[in-house]
Structures are given as structure tokens and as C-alpha cells.
Amino acid sequence: MNLQVVNVVQVLVVMAFSPLMVGILKKIEARIESRKGISVFQPYYDIAKFFRKELIIPKNANAFFVIAPIVSFSCYIILPMVLPIVYGNPCPYAPMVDFLGGAFIFALASFVSTIATADLSYYTSIGASRAVTFGSFAEPTLIMVFFGVALITKTNNPFITNHVLAKNVHWIISPTHLLIVAAFFMLLLFDTGKIPVESEGLMEFGMIDEGKMMEYSSTLYALSKWGSYMKSFILMSVFLNVFAFPWGVAMDTSVKSIIFGTVTLLLKMLCLILCFAFVEETFAKLRLFKLIDYLTISFLLAILSIVSFFIFGGVPA
Amino acid sequence: MIEAIVQFIGVLILLTAFEILAQSYIRPMINTVAIQSILLAVIMVITGILENRLDFIILAVLTIAVRGIAIPEVLKKDVKKHGIWVYREVGTRVPSLVIVGLILSIVGYVIYRAAFSVMQGDLPFILFLLGFLVIIAKKNALAQMVGYIVEENALLYAGITISHMPLILEAGIFLDLLALVLAGVILAAEKDYGVLELEELVG
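Residue numbers (our numbering), protein chains in the order written: chain A, 1 to 317; chain B, 1 to 203.
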């Protein structure tokens, strides 16, 4: 298979399966709570319904209002081309960015959606200002996680990190790596709005991302919603393929191994979703101003991983 | 492999120290220090088996009995007696305390490496500094006692990693701690207005 085709396959996997993962998580949680729950395909139906609705643009909307969802959706389409989603070797555009480049593309998506909504209405500006406030506490952890990975693997490239970790099993059980995984997991819960944070949902006291979408309707709302599903999917696959479980990624471009890579990715993601369901069903939501404590602890784990790297003189042999 | 496990337990001990630092409720704090002592005992057992030394095993059993079970139980009894301590330390500053702890651990690492470049005692040294920080930052006497136990744990940890102390010295540390807790409990029994306050421990 041509590398460009692999690129398209990665994008399509992200676009096609990201709503399914949300549906599965909701279904599992409903079953744990003894409810019947919505169908696992409900997020698809929702997105299709939003596309059919009438588009209304507020009178005081600024120039970014319309282009923000489109730009952030395009960011989430670009990211699968430069990250190991189902295929573990660099695709044609991958050499352009490393971890920090990927973080910049994520930042661009949240930047446009923030300036589009910051002065629009009461709820959207709440969402935007909260996203910026807590984002500034989440970024240091992300940077430290990248530093930690760079220390272990001597590189800042997700593909090489994946290869190095998959080959050196003893590095995976080193305290440095385990702490990095823990810190990134906490960050993942924050970024995907799971329960200790619960930034999604319509509760005024906790909403962050959902608040930004309050004024959107129709196509633009559908794109924002779909974009947020894709963001979680990309972050989860980076967590799995680069940090936590680097095996089972397709290493050549034959049709068989690409299908194998897709299936293993979905299986790994199911395990991660079970972890999410466990966390969501056992923890309580934190109050909004306690989120900084939560993010501080993830920062602590990330820094301790680097400190432990130096204390033990590198990863164990 | 075993080295990696010992290292990981060492980092876990450091994490429990941070948990004590960030925790505002007294009872979980005492439970955490009990867990810390048990983790330390696990390290002792592993080192004892590796180096074939019986006194480390004895020490581990003593650690679990005294610090893992007895002292936490006594302290928890005190928490129960004075209802005010069940609740919490007033005014916790989790982010700033954790950041100060992190800075302290990095400074501790740098100082230790500058002084002793060969010996692997960074973790106990950092733990020692964190114990100090717990004592400084907490206003409640029980929490300060927990900080003292953290420091004693750090000494014991240093004893098994840097140089091998004789058993009698290590036993002495236990007696120290027991005496402190006994004094605290007797003070608490003597007075009835929530004796274990800061003023009682200030000279």
C-alpha cells in the first residue's frame, strides 16, 4: 500500500471510530449503573442530526466564529498524518513535526476556538476563560512528559519513541517511565473531560469545553462535537502507542498488517475505555477550583519522573 | 529486574511523602505514613534476602509492627478522642506546598550529589528534607508527629542504603519514636482541651 494511502487510512480510522469510542464508554457506564443506556451508535446519530439542523449565527459573533470549528476540525484531520495511529513508521508528512509540533497543532485548535468564543456570550466566555486558565496549568505537565520521554529515548519523535520502548521492555518498568505514564494518564482524563474533572456536560459549575460550544448550531456544532471526539481519540492513541503499550502497531504497509494495526488499536482502546469507566464510576467530580490541585499532582508526577531518572542514573540496564 | 523494583518502591515512598504533604485530613495522613513504613519494610526484606542478612529481616518485622501498626493505631485513637482532629488541617495550600516540595527535592538531589558523588543515598536525603517540610508546613501536632515519623523513616532508609548500621542503633530509633508518641499520648490524657496543639510542642 502506498504511504499516502496509509495516511488517508489513519485519518479515516480516526474520523470513523472516534464517535464509537464515546458511545462504548457511555454504554459501559450505563451497564455499571444498571441502566440500559443509549446505543453505542448514538454519537453518530447525534452528529448526523446536527448536520441537518438550521444554522444560526449570533449577531455579535466575530470573524473567527465561523472559521474556528472548521480550522480546529482540520487540525484534528492533520494530526493523524503525523502521529503513529495504526502505522508505526513515519508517513510522508511526519518528519515535519515532533511531539512539540503536535502539541502546537493541538494548541492552534484550542486557540481559534477560544478567540472565537471569548467575548460572545456569558456561557461561551466562561468556557473560554476556564479553558485558558486550566490549560495554562496543564501545559507544564505536557512539556515535562515530553522532556521525560526525550531523556529515556534520546529523541523527541513519537515514532522513534514507540520503536525504542517496544524493543526495550526493561525501560517500560523503570520508575521514570511509569511516572510519565501516570502523569500523562491524569492529563488525558483532564483533556478528554472525564470525571475527576468533568469539563463536558451542561453543568454550569464544571463545564469548560461544552461552554465554548453554547452558541453554535447545525454544521458548526456538529464539526466542534466531532472534533472533540477526534481529539480524545488521537490523545488516547498517542497515550497507548507511544507511552503505555507500544506493541501491536503495524510496521509494514501491506493491507493485512494495516488491518491488524487497526484492530489492535481498537482493542487497546477498549481496555483504556474500561479504565476510564472504572475511574468515572469510582471517583467524585472535583470542584472547579480544586482542578489546579489535580493538575499540580500530575505536574508532580512528571517532575518526579525526571528527578528519578537522574537519581538512578538513567534507565535500569 | 529486582533493582528496578527496589527503585520503584523508593519512588513510591517519595510519593507517599508528597501525599502526606498535600493531604489535609489527619486520618488519611496517618494511614499514608503506615503505608510508607510498610514499603520501607519491603525494601528491607529484599535487601536482607539479597545480602543474606538476618538482622534486616528482623528490622523489617519490627518496622511493620511498630511503625506500620502500633504507632498509627495509637495516633488514630487520639484522632478519635479529640473530635476536632478528625476533620482537617486548616487552610491547605496544595499547589504551593507541592511546588515547594519539588524544589526541595531537586535542591536536595543537587546538594547530595555535590557532597557525596558515589553513594546512592539521594532518596533518603530528599525524604528527610520532605519530612522537615511536613513539620514546618503543618500546624497540627498530630500532623507534625507524622512528619517526625517520615524523618525517622528517612534515617532508617539511609541506614539500609548507604552504610549498614548495627541493629542496636536502628532499634534505638524505634525507641526514640515510641517515647515521642508516648509523651504525646500522656500529654493528651492529662489535659482535656485538645492538648495536641502546636503550643504544646513549642518550648
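Hints in this document: simulated from the structure, not taken from any laboratory. Note that CB positions come from ideal geometry on N, CA and C, so glycine has one too. One or more of the hints may lead you astray.
Residues of chain A placed beyond 12 Å of chain B at every Cβ, according to the derived structure [as the list claims (entries may be wrong)]:
id, residue
1, I32
2, V71
3, L151
4, T262
5, E281
6, G313
Label pairs and their calculated CB-CB ranges [claimed, not checked]:
id, chain 1, residue 1, chain 2, residue 2, range
7, A, L3, B, I136, 54 to 60 Å
8, A, S129, B, V107, 31 to 37 Å
9, A, D119, B, I103, 50 to 56 Å
10, A, N60, B, L104, 28 to 34 Å
Only part of the chain B face toward chain A is listed, based on derived beta-carbon distances under 8 Å [as the list claims (entries may be wrong)]:
id, residue
11, Q7
12, F8
13, F18
14, N31
15, V61
16, A65
17, V94
18, P95
19, V98
20, L102
21, I106
22, V107
23, L123
24, F174
25, D176
For each hint, the structure was consulted:
The claim that A:I32 is not at the interface with chain B holds, since no C-beta of that chain comes within 12 Å of its own (minimum 26 Å). Once the 12 Å rule is applied to beta carbons, A:V71 is consistent with being away from chain B; the minimum gap is 33 Å. Non-interface status of A:L151 relative to chain B is upheld: no Cβ of that chain comes within 12 Å, the nearest being about 15 Å off. Distance check on A:T262: its Cβ is at least 33 Å (rounded) from any Cβ of chain B, clearing the 12 Å threshold; non-interface status holds.
Every Cβ of chain B is farther than 12 Å from the Cβ of A:E281; the closest lies at roughly 21 Å, confirming the non-interface assignment. Against the 12 Å criterion, A:G313 falls within the reach of chain B, whose nearest CB is about 9 Å from its own CB. Between A:L3 and B:I136 the Cβ separation comes to about 59 Å, which falls inside the hinted range of 54 to 60 Å. The beta-carbon spacing between A:S129 and B:V107, approximately 35 Å, falls within the hinted interval of 31 to 37 Å.
With their beta carbons about 38 Å apart, A:D119 and B:I103 fall outside the hinted range of 50 to 56 Å. Between A:N60 and B:L104 the C-beta distance comes to about 50 Å, which lies outside the given range of 28 to 34 Å. A cut of 8 Å between beta carbons decides the hint on B:Q7: the least distance to chain A is about 5 Å, and the hint holds. For B:F8, the interface hint holds, the least distance from its beta-carbon to any beta-carbon of chain A being 5 Å, beneath 8 Å.
Look at B:F18: its Cβ gets to within about 6 Å of chain A, closer than 8 Å, so that hint holds up. The closest approach between the C-beta of B:N31 and any C-beta of chain A is roughly 18 Å, which is over the 8 Å cut-off, so the hint fails. Annotation: interface hint on B:V61 violated; nearest CB of chain A at approximately 26 Å, more than 8 Å. Because the closest C-beta pair between B:A65 and chain A is about 28 Å apart, greater than 8 Å, the hint is violated.
Checking B:V94 against chain A: minimum C-beta separation of about 4 Å stays under 8 Å; hint holds. Look at B:P95: its Cβ gets to within about 4 Å of chain A, closer than 8 Å, so that hint holds up. With its C-beta approaching chain A no nearer than about 5 Å, B:V98 sits inside the 8 Å limit, and its interface hint holds. Hint on B:L102 holds. Least Cβ distance to chain A is approximately 5 Å, under the 8 Å limit.
For the restraint placing B:I106 at the interface with chain A, the shortest Cβ-Cβ distance is roughly 6 Å, inside the 8 Å limit, so the hint holds. Proximity of B:V107 to chain A is violated relative to the hint, the smallest CB-CB distance being about 11 Å (cut-off 8 Å). At a threshold of 8 Å, the smallest CB-CB gap from B:L123 to chain A is about 6 Å, leaving the interface hint in force. A distance limit of 8 Å between C-beta atoms decides the matter here; for B:F174 the minimum to chain A is near 27 Å, and the interface restraint is violated.
Violation of the interface hint for B:D176 is found here, the shortest Cβ-Cβ separation to chain A being roughly 28 Å, above the 8 Å cut-off.
Violated hints for the displayed structure, listed by number in ascending order: 6, 9, 10, 14, 15, 16, 22, 24, 25.
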